[in-house]
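2 protein chains.
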Amino acid sequence: MKNCIVAQSGGPTAAINASLLGVIKAVLSSDQFDHIYGAINGIEGILNHNIMDLGSVFQQPYQQSLLKQTPSSYLGSCRFKLPDFHQSDDLYQAIFSFLKEKEIACFFYIGGNDSMDTVDKLSQYASENHINVQVIGIPKTIDNDLPGTDHTPGFGSAAKYIASTVKEIGCDSSVYDLKSVTIVEIMGRNAGWLTASSALARNESFFAPHLIYLPEVPFNINVFLKQVEQKVSLYSNIVVCVSEGIRDENQSYICESASSGLTDTFGHKCLSGTNKVLETLVRQHLGYKARGIELNVCQRCASHIASLTDLEEAENIGAQAVKFAAQGLTGKMLSFRRISEDPYQVQIEAIDIDLAANLEKTVPIEWITPDHCDVTPELIQYCKPLIQGEPVIFMKDGLAIHMIR
Amino acid sequence: MKNCIVAQSGGPTAAINASLLGVIKAVLSSDQFDHIYGAINGIEGILNHNIMDLGSVFQQPYQQSLLKQTPSSYLGSCRFKLPDFHQSDDLYQAIFSFLKEKEIACFFYIGGNDSMDTVDKLSQYASENHINVQVIGIPKTIDNDLPGTDHTPGFGSAAKYIASTVKEIGCDSSVYDLKSVTIVEIMGRNAGWLTASSALARNESFFAPHLIYLPEVPFNINVFLKQVEQKVSLYSNIVVCVSEGIRDENQSYICESASSGLTDTFGHKCLSGTNKVLETLVRQHLGYKARGIELNVCQRCASHIASLTDLEEAENIGAQAVKFAAQGLTGKMLSFRRISEDPYQVQIEAIDIDLAANLEKTVPIEWITPDHCDVTPELIQYCKPLIQGEPVIFMKDGLAIHMIR
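If you're matching them up, the sequences are chains A and B in order.
Residues in the first sequence are numbered from 462 upward in steps of one, following this note's numbering.
Residues in the second sequence are numbered from 462 upward in steps of one, following this note's numbering.
Keep in mind that a hint or two might mislead.
Note: identical chains are not told apart, hence a pair may lie in one copy or across any two.
Below 30 Å or equal to it, Euclidean Cα-Cα: the simulated DSSO-like pairs (lysine-lysine) are [said to hold, decoys possible]:
#1 K857 / K463
#2 K784 / K822
#3 K750 / K542
#4 K486 / K542
#5 K750 / K822
#6 K542 / K640
Hint data in this document are derived by calculation from the structure and do not stem from the laboratory.
Since the model is a prediction, treat every value here as computed from it, not as a measurement.
Please model the entire structure based on the sequences and the hints provided.
The following block contains the structure:
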């Protein structure tokens with residue numbers, strides 16, 4: 462008997478279940494493994510012996526399609542950091558003893574930066590202790606901040622949701638004959654990829670978002686107000702996209718910034734997001750109608766408008782992990798290499814896990830305009846292929862059908 | 462020469478351009494009118510002589526399809542209330558003199574409560590002054606709060622967006638093994654229709670939203686916290702949908718309520734929405750992970766997930782307005798009467814405008830459960846047919862194509 466196990470970790474994406482499906486289908490269509498288990502709530506499922514047999518649930522194409530169109534992590538998730546095993550290896554012993562009991566030869570972990578840390582540690586421990594278990598990382602994160610890969614599965618769908626929503630908000634915000642500023646706050650504490658992708662909303666006759674602010678460069682409130690004023694004088698109704706993590710010259714988050722004027726005279730801070738801070742600044746200093754909008758978790762779970770390219774790639778990278786497993790791979794993360802721009806084409810490779818674990822890839826400064834309020838055409842060209850195509854979605858009573866565990 | 466003019470007013474919806482298209486197509490396919498004009502920014506376009514020839518722009522099926530899938534008001538909008546003409550009729554003289562100059566025999570106004578007030582006043586003025594111009598109201602509002610009609614065009618698409626999004630948020634919020642409360646704030650100051658429609662997200666194996674609070678009944682913070690506690694004990698991760706306009710027993714908005722604890726010791730109020738107030742209460746009093754989400758303008762502009770039923774009905778009611786115009790109708794608003802539940806079927810009628818103008822239809826109390834934290838099956842049955850079906854959407858580069866004026 463030779464089995465494998467798969468788990469999901471970190472924040473969900475619209476494509477993380479497509480990667481799970483890729484693993485399941487590749488296992489079911491080969492004779493590499495006898496059983497494919499799923500661990501519930503990431504590595505915690507292995508520690509708690511909480512697993513399920515995935516092969517029996519996902520035999521049929523219909524169930525497989527439903528899994529692919531389901532947002533969130535089907536197997537549940539966790540945020541669990543393993544300790545350094547040189548200091549304490551109790552958990553490691555527990556994990557590998559359970560894997561041995563279940564005759565598991567390979568562990569596929571679908572996750573982001575933190576999960577790759579787990580892959581790194583487990584594979585090292587196995588290697589140092591001559592345990593014959595492979596550990597392979599499958600990337601996912603809407604933030605696109607994993608190094609070592611052209612982009613991450615999940616980013617394309619989030620970018621498509623953002624561009625589509627900003628385009629609709631741009632239409633909506635321009636119906637009245639007045640001066641208005643709509644501020645859209647987009648996820649990203651340190652990496653501005655998601656906010657940058659809002660630029661995809663533009664075309665030759667549509668100019669929203671008019672301003673884009675990323676966390677990679679310092680944010681100056683006075684410069685911001687001048688840039689807003691200038692754009693409003695040109696377009697009347699403007700849309701501004703900002704990363705939640707924009708910071709001033711002193712690295713203080715704008716949403717916590719004293720200079721924002723949103724603390725009262727006694728220094729009490731209000732519980733407001735970046736969008737609300739900027740909304741208030743625009744209203745107070747420029748007198749325009751202003752509205753802050755936070756896109757929130759819809760960025761990672763709006764599977765009804767997922768990118769077909771993203772879903773297909775996510776499934777492929779999951780399937781490829783199983784093929785690499787047959788070659789004895791361990792301690793690696795799968796990655797995309799873009800081998801052609803036109804037509805867009807990627808190749809799936811495997812990189813050393815320590816090139817991705819705990820590291821963060823931010824937007825290159827040269828892809829941000831010198832005035833720090835927009836992105837360059839290179840960035841748009843990079844993002845555009847990732848949002849192409851729409852999946853066919855199975856519906857019931859007007860809503861997408863989801864696969865609930 | 463006999464012409465007509467059409468305008469849009471109030472907040473946009475995902476279906477308001479479908480009604481515009483209905484008017485345009487019905488005019489183009491009959492010989493009732495020589496020209497169809499559009500007034501830019503509602504009645505202000507007539508006052509400012511700012512109009513366009515719609516017949517020439519929308520001759521082709523492709524442009525027509527694009528109009529139907531474009532969110533916001535293609536012609537722009539306004540919030541303009543005409544004075545009582547018995548006190549001052551300058552504006553009325555200006556309006557009808559311009560209509561006469563352009564040989565306009567009929568004015569179609571697509572809008573909500575306030576716009577129906579305009580229809581009411583203009584038609585009365587025309588009648589009292591023997592002016593041969595018909596004025597016909599075509600309803601729209603996501604809020605579904607217009608009386609005299611089974612429902613309003615625009616509501617179905619907003620309800621579909623809300624139910625779809627709450628379902629996705631429900632999936633997303635349940636991935637971690639902990640106790641959590643996600644609070645979704647939905648539009649509606651006085652009428653809870655939109656918030657109530659979130660109940661459509663549920664099915665036999667999916668229970669979000671677990672609690673629903675509408676503005677039609679008083680909201681009690683202590684009762685709320687007990688109801689949250691009870692649902693969390695059953696489901697661990699719960700989703701709560703609240704109308705922005707929920708109020709306490711004294712008719713104070715919860716988002717401004719002193720008892721919410723979000724004013725500091727000096728009485729300074731924080732600029733937070735209802736969702737943030739409840740998020741903080743849950744965190745402080747119950748200790749659960751809590752997250753507030755405001756769906757914001759996406760509720761009225763997410764045309765990529767519009768309801769096909771809503772779009773078809775909106776187009777039909779626009780077309781029917783032109784047919785009624787041929788019969789000499791004036792001072793009326795078109796409305797839907799539901800003539801069958803199974804199969805769902807509506808009939809378009811015309812009602813006296815004073816049955817709708819300036820009035821508000823709220824959710825019947827008997828459709829709210831006695832514990833004030835949910836809706837009854839009758840409400841779900843009422844909403845369900847309105848979100849059925851998905852339109853085919855023309856896309857370019859991964860995004861819907863919109864028709865920009």
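Hint by hint, here is what the structure shows:
For a Cα distance limit of 30 Å, the shortest separation of K857 from K463 qualifies neither inside one copy, at 39 Å, nor across copies, at 47 Å. Taking the shortest alpha-carbon separations for K784 and K822, only the intra-copy value of 27 Å comes in at or below 30 Å, while the best inter-copy value is 60 Å. When the C-alpha separation of K750 and K542 is checked against a cutoff of 30 Å, the pair qualifies only between copies, where the shortest distance is 20 Å, while the shortest distance within a copy is 45 Å. Taking CA atoms no more than 30 Å apart as the test, K486 paired with K542 passes inside one copy only; the shortest distance there is 29 Å, against 62 Å between copies.
In this assembly of identical chains, K750 and K822 lie within 30 Å of each other by CA distance solely across copies; the values are 29 Å between and 36 Å within a copy. In the homo-oligomer, the alpha carbons of K542 and K640 lie at most 30 Å apart only across protomers (20 Å), although the nearest pairing inside one protomer, at 49 Å, exceeds that limit.
In summary, the one numbered hint that this structure violates is 1.
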